[in-house]
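Undergrad: Below, each chain spelled out in residue letters.
2 protein chains.
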Amino acid sequence: MDNYNISERNRVKRIPKRGQYDKKTVYEILDAGFLCHVGFAIEGQPYVIPTAYGRIADTIYIHGASTSRMLLHLQQQHVPACLTVTHLDGIVAARSTFHSSMNYRSVVIFGEASLIEGEEKMEALAIITNQILKGRWEEARLPNQTEMKATSVLKIEIEEASAKVRTGEPKDDEEDYVLPVWAGVIPVYQTFGKPIADSKLFPNVDMNESIKIFL
Amino acid sequence: MDNYNISERNRVKRIPKRGQYDKKTVYEILDAGFLCHVGFAIEGQPYVIPTAYGRIADTIYIHGASTSRMLLHLQQQHVPACLTVTHLDGIVAARSTFHSSMNYRSVVIFGEASLIEGEEKMEALAIITNQILKGRWEEARLPNQTEMKATSVLKIEIEEASAKVRTGEPKDDEEDYVLPVWAGVIPVYQTFGKPIADSKLFPNVDMNESIKIFL
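One line per chain: the protein sequences are L and Y, in this order.
Just so we're on the same page, our numbering is the position in the first sequence counted from 1, plus 2.
Just so we're on the same page, our numbering is the position in the second sequence counted from 1, plus 2.
This is chain L alone, in the form it adopts within the complex (with noise of 0.2 Å):
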């Protein structure tokens, strides 16, 4: 009950032992980012375009400019989609080229979009927002009529999803370990560094709490 159906689309199929249907584990990977890569398909041709999100139990938000060509496409009915978020943690030197590897937690999440408006299209841009920025939504000036009017807001409930983890050292064959070659992992991490004032800022104005916590 707490795992996503499994179908022939979201089956990890390569490495299935890697392959990770329940909820907390899509969830803590979706909550860990707030940039994705939607993929959407126009008379066949492939689109994957990075963008924000935002994600509140089984549904997930993106936003963009009413024009945009990703988003104008994707709240159409019947158009399926598919948004993945991929977070880079190592790479895995192996001895051989062969099982070199990286580690990484990912989500492909299949589901189809649909334009929101009103009350749900403003409580979905405060979820991006705070996806991005804890807090943000309740310290900054917030969308006035017109950039509503240019702004669509879609949301995709996720239908499908799968998580794919590989963690730890290099996995070698047993002949291997013998061999002169250095093996391990290099840690890679996303890092922030400390908050840059806008150049025009006020200089009476305080940091806010959302930007505080990258002090």
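In case anyone wonders, no lab produced these hints; they're calculated from the structure.
For chains that are exact copies, the list does not tell them apart, and a pair is met inside one copy or across any two.
Once the Cα atoms are required to be at most 20 Å apart in a straight line, the calculated PhoX-like pairs of lysine-lysine come out as:
id, residue 1, residue 2
1, K173, K19
2, K173, K202
3, K15, K151
4, K136, K123
With chain L held as given, fit chain Y onto it using these hints.
TA: Using the frame of chain L, we list chain Y on its own:
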């Protein structure tokens, strides 16, 4: 001549001034990474899969298990692919949520993939391996016949590409500069930790040059 052709497919429609079509910019963004998101569509269903890549001139190489659904699909003739590389460089906190944004460098590539074999296949694996860890191909055990058979390598000749880049400060509406909201940029980096030796590493094995640069 050093630019990609611009078509309806690769033209940057949203905020066109962020769009760039020169090969130099596209190559720089591609060469700054080794992880891409590949998009393909099977019977209208889009898939977006993270994978490693290598680049030389206008050719991108990807690889994986010969049984991979993605590789089996893309190696067919006349199957359009999309390959996207994104580097997140900053969170842009504007005074308004509407003008809040991200700094990033991204490239979207369109082309068709084809399976490669023989010497070219080995060269392509060297390019992918060395894109991740410079010089690793010259250090590690190279693939044997069984491993080569288990691996497929595809090349994608870039037909069309575009880069999209945002840098710098937030751009707020004139009247918002007086608001008591902090504005600026939180830089985002991909950073590498110190290499962690495999617990089974023989004590007399020196660190290879491809790994030492992370010290």
